[in-house]
Amino acid sequence: MDNVRAHRLSAARGHGRTHSGDERRRVALLKPSTKGPLEEQEDPLSDSMISSRPTSPPTSVRSSTPRPFSPALSTASSTIDPISTTKDLSFLLRPENFHPLPTPTLPAAFLRSPHAPTPNTPLATLLAGGHFHAAASTAVRQLTSLPVSAAPDTIFALYYTRLACLTLVNQTSLAATEAKVLGDLTSAFYTHPITGAHIVPWPLRVLAVRLQALGFGEWRRGIMAYYVLAQDARQEITRARQEAHPEEEALWLSRLHDLGIRVASALVEMGDLESAGRHLRTLQTAGPEDNTRQAAVMEALVWFRVGDLAAARACAERVAGKSEGRASTAAPSSDDGESTREDQDEFSGDITTRILWALSHTAAGAFPVAISAWRALHADFPHDGLVAQNLAVCLLYTGQLTEARGILEGLIDDPEIPAFQALLFNLCTVYELCTERAKEMKGKLIERVASKEPMGSGWGFATTEFKLEPGVGVS
Amino acid sequence: MSRARAPSVGESLKTPHSVSLKVLRLSRPSLAPQTPLPPDSSSPLGLHFSAHASRADPSGSSIRDGFGVGLAPALLLPESFGGAYVGETFACALAANNEVPSGDPREVSGLKVVAEIQTPGAAAGTWVGVGLEGEHEGEEGFEPGASRQWILRLALKEEGQHTLGVTVTYTETGAAGEARTRSFRKLYQFAATNLVGVRTKAGDLPPRAGRGRYALEAQLENLGERGVAIESVSVAPRPPFTSTSLNWDVAGDAARAPVLNPHDVYQVAFILEEGEEKKGEDEEQTPAGGKLVLGQLHIQWRGSMGDRGTLTTGWLTGRRR
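Just so you know, the protein sequences line up as chains A and B, in that order.
Read in order, the letters of the first sequence correspond to residues 1 to 475 in full-length UniProt numbering.
Read in order, the letters of the second sequence correspond to residues 1 to 321 in full-length UniProt numbering.
Since the hints were derived computationally from the structure, they do not count as laboratory data.
Computed from a predicted model, the values in this text were never measured in an experiment.
Possibly wrong hints are sitting among the right ones.
[Unchecked claim] Just some of the chain B residues that point at chain A, by a computed CB distance under 7 Å:
| hint | residue |
| --- | --- |
| 1 | K22 |
| 2 | V23 |
| 3 | A56 |
| 4 | E99 |
| 5 | G103 |
| 6 | P120 |
| 7 | Q300 |
| 8 | R302 |
[Claimed, not checked] Mimicking DMTMM-like on lysine to aspartate or glutamate, the simulated pairs with C-alpha atoms at most 25 Å apart in a straight line are:
| hint | chain 1 | residue 1 | chain 2 | residue 2 |
| --- | --- | --- | --- | --- |
| 9 | A | K444 | B | E99 |
| 10 | A | K439 | B | E217 |
| 11 | A | K439 | B | D104 |
| 12 | A | K439 | A | E403 |
| 13 | A | K444 | B | E79 |
Glycine included, each C-beta is placed from N, C-alpha and C at the ideal position.
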């Protein structure tokens with residue numbers, strides 16, 4: 001299956017390369033990084049700058065002519081950001097860049113809920129309430145009505161909001177298409193001609209890497225792009241250190257660590273789990289305790305996914321050692337269904353370590369032990385949605401469907417816990433198992449979710465989250 | 001690609017059944033994917049995303065405690081039937097549900113569920129009973145809307161088409177108190193395929209101290225559609241032989257067992273050496289054709305999220321010098 005996918009990806013790349021010559025620099029996702037730390041900033045009047053002009057979708061005819069970036073062409077007043085006098089970002093504002101969300105995305109219950117936003121709800125309020133569907137549309141409305149002379153910060157903030165909202169509502173392929181419009185974010189076009197600083201905010205640069213990798217079908221180049229960003233982050237760390245700005249240094253160090261984790265994440269999405277595990281191991285050799293611990297936690301999850309339980313447990317022990325300052329001696333459950341001794345350490349460590357041990361029993365198939373581990377966690381953290389829903393899932397593996405259903409429904413009714421995709425998926429699956437009238441039950445579930453108070457984690461779930469199409473899992 | 005089909009048999013009664021049967025294949029639960037936004041997402045316009053946005057579990061602990069991007073520790077029930085593989089255990093959840101609408105006077109009691117399997121090797125029409133986990137005998141109060149669940153586990157030993165038959169029997173009591181026993185049967189078909197293919201070769205080595213030595217090599221191939229994490233490969237030697245591994249496991253704890261992605265081939269080797277035992281006994285066991293029985297190869301693996309499988313080859317032989 002991976003082979004098939006790789007094949008399709010390379011076909012997509014081939015397509016991407018058929019653009020006309022003068023657009024190559026902008027449209028090609030990422031040129032191979034030839035920019036080393038010792039190289040000078042590129043000349044603002046170099047060929048790459050001149051060719052960095054507005055792009056248009058490959059199908060439309062471009063009417064604008066190449067526009068050299070000279071102050072003479074700008075009629076802007078002095079209040080406008082100096083960057084906008086040299087950078088024409090109007091290509092980001094074109095309505096044809098954006099695609100409507102497929103309809104109907106939201107079930108009617110969300111649209112008529114008293115919590116539903118109005119067309120005039122400000123964008124910041126939409127984000128705070130988790131109304132990402134509405135925010136995605138509002139961001140585009142605002143972007144496309146901006147004047148050509150709008151400040152780059154405004155343009156990029158709205159562009160980021162649009163792309164982020166699309167990924168949050170599972171319209172990642174749409175976001176990937178729209179991220180292509182940004183073109184090559186490493187090109188000199190996006191650097192300030194005088195200061196050499198990158199004009200695109202960091203979060204958008206980071207978000208665009210994954211989306212463009214998906215959009216162009218080029219995961220490997222996406223990983224390269226993370227390394228290019230890492231190089232920039234390292235330069236910033238050095239600069240902050242030299243200029244004695246400890247806060248900035250800490251910020252860039254955390255960004256660098258985040259990039260390291262994102263490389264592993266990209267490898268997971270590519271399906272190369274072993275490389276992800278090996279890469280995560282390299283992130284544990286040095287750095288602050290919190291960072292190495294996070295890498296160890298993620299490495300454990302990767303090995304669970306692979307099925308290498310011994311490696312996963314070794315990671316869990318490292319995490320336990322980091323949290324307790326001592327090596328944990330938790331007992332792995334031996335065989336499927338057979339429980340060995342239950343080590344008391346497993347029930348007294350910090351929550352992360354305990355979750356990893358509970359996952360370990362789950363993966364080993366020792367469901368009775370796993371259930372007691374999840375139950376103990378649930379007793380200590382009664383409003384933790386993850387713990388409760390994992391307990392419910394494990395109960396289904398020991399025939400306790402009724403209790404599992406009760407726990408999942410209790411989470412929907414708990415005002416402190418926002419609805420989340422895994423919970424909805426599991427509860428809908430349980431409904432399919434519980435009755436022939438699952439569709440009716442899912443309809444009632446939608447009403448209950450729509451009546452929940454909006455929270456920043458997301459409010460309003462697409463029809464597809466409720467498995468309303470005929471399921472293949474339950475028969 | 002195997003998939004459960006559910007043709008209903010024996011559903012000749014005119015009134016719809018008061019009980020439904022639903023089946024969910026229970027391979028291990030998977031981990032939810034998650035791709036969080038970049039950490040410092042606030043912008044000059046005050047457009048701020050909650051740190052909980054895009055988390056697979058937005059309610060707390062996993063953020064506090066640094067679960068990273070990529071995978072979340074949130075478990076998901078199996079999404080699809082998936083492949084069924086020889087050497088692994090096929091498990092599924094059976095749920096019998098009281099579908100009597102509220103206000104309907106019908107009552108259901110005496111619910112019984114029986115499962116049988118037809119394996120490819122068995123003669124046509126031969127059904128073998130399969131035990132179910134879950135004690136509901138004599139349980140009271142099967143109210144409308146209630147469900148009872150059983151777990152079926154079946155070790156898959158043969159390649160080919162399997163048919164699972166599940167019979168549901170219950171007593172339905174109407175408004176006037178008249179009781180009748182009703183029953184229906186559902187069939188589910190799936191194909192079991194080989195996941196780990198094994199090819200072996202035994203070659204003789206120069207004897208040491210007058211004792212015969214053989215090199216046993218094996219190629220393990222992933223014939224399936226998903227990854228296989230090998231847990232152990234060992235030889236159970238037939239006396240008087242003793243077996244020595246030449247594989248990754250001799251390196252001790254630091255060594256990582258191999259992972260075979262689809263179409264990957266992995267080579268293992270063992271040295272089998274004749275021990276102290278009297279040769280006389282061994283002679284008697286030697287089959288005709290001058291071949292020596294060396295032992296059996298035993299492979300143990302896990303799939304994604306820990307589904308376990310095992311395979312034991314037949315007796316492997318070496319040529320007598």
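Do the hints match the structure? See the list:
1. With a cut of 7 Å, the hint placing B/K22 at the interface with chain A holds, because the nearest CB-to-CB distance is about 5 Å.
2. Given hint, B/V23 at the interface with chain A, holds; its Cβ is 6 Å from that chain's nearest Cβ, closer than 7 Å.
3. The restraint placing B/A56 at the interface with chain A holds, with a minimum CB-CB distance near 6 Å, inside the 7 Å limit.
4. Here the hint on B/E99 is kept, as its CB sits about 6 Å from the closest CB of chain A, short of 7 Å.
5. At its closest, the beta carbon of B/G103 sits 15 Å from a beta carbon of chain A; the interface hint therefore is violated under the 7 Å criterion.
6. Contact between B/P120 and chain A, as hinted, is not supported at the beta carbon level, the nearest pair being about 21 Å apart and thus beyond 7 Å.
7. At a threshold of 7 Å, the smallest CB-CB gap from B/Q300 to chain A is about 10 Å, leaving the interface hint violated.
8. About 4 Å separates the beta-carbon of B/R302 from the nearest beta-carbon of chain A, less than 7 Å, and the hint is met.
9. At most 25 Å may separate the alpha-carbon atoms for a hinted pair to count; A/K444 and B/E99 meet this at roughly 17 Å.
10. Simply put, A/K439 and B/E217 have alpha-carbon atoms about 55 Å apart, too far for the 25 Å limit, and the pair is violated.
11. Distance hint between A/K439 and B/D104 is fulfilled; the C-alpha atoms sit about 21 Å from each other, no more than 25 Å.
12. Distance hint between A/K439 and A/E403 is fulfilled; the C-alpha atoms sit about 21 Å from each other, no more than 25 Å.
13. A C-alpha spacing of about 22 Å is found between A/K444 and B/E79, which places the hinted pair at or below 25 Å, so the restraint holds.
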